[in-house]
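**Q** Sequence:
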Amino acid sequence: MLLISVLKSMVESRLWTTGSGHFRPGYVRYLKRFMDSDFPDAGIEEWHIEAKINKWRRTCFIIVNLLDRPRFEWDASQNMVVAEENVWAAFVQVYKQAREARDVQFPLFDDWRICFIPPLEEPEE
6 MLLISVLKSM VESRLWTTGS GHFRPGYVRY LKRFMDSDFP DAGIEEWHIE AKINKWRRTC
66 FIIVNLLDRP RFEWDASQNM VVAEENVWAA FVQVYKQARE ARDVQFPLFD DWRICFIPPL
126 EEPEE
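Adding 5 to a residue's 1-based position in the sequence shown gives its number in my numbering.
The hints are simulated quantities; they were obtained by calculation from the structure and are not laboratory data. Take these hints with a grain of salt, some might be off.
[What the hints assert, rightly or not] For lysine-lysine, the following DSS-like pairs were computed, each having C-alpha atoms within a straight-line distance of at most 30 Å:
(1) Lys-37 / Lys-57
(2) Lys-57 / Lys-101
(3) Lys-13 / Lys-101
Can you make the complete structure from the sequences, with help from the hints?
**A** In structure tokens:
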């Protein structure tokens, strides 16, 4: 939970992100310092952090892709993507990665969206 909390605060501060939803160089090193201070004997390396973030980002985009499709919905009480059995069966035939989101709870999804999905720009009046 520390990693996602620090990552989220980095996004909210806007010091470590670009307008396109990417992180600035050095962000993994910054996160590692936090992890080292809280877990000094864990031996967490930068590649561990980067791998976890890449997995979260990939999963977040899979979920967002599903929710952009008709008949897929987000069940906030279960923290999961839901759809009828036949909808899932048909969709995973085309989009194999969707299997990763089927019948799985994602309690960090709201945090992932903050971290990995850039906010929509406000239209100018």
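**Q** Is Lys-57 within 30 Å of Lys-101, Cα to Cα?
**A** Holds, at roughly 21 Å.
**Q** Holds or violated: are the alpha carbons of Lys-13 and Lys-101 at most 30 Å from each other?
**A** 29 Å, holds
**Q** Would you check the hint for Lys-37 and Lys-57, treating anything up to 30 Å between C-alpha atoms as holding?
**A** Judged against 30 Å, a Cα distance of about 12 Å means the pair holds.
The structure shown violates none of the earlier numbered hints.
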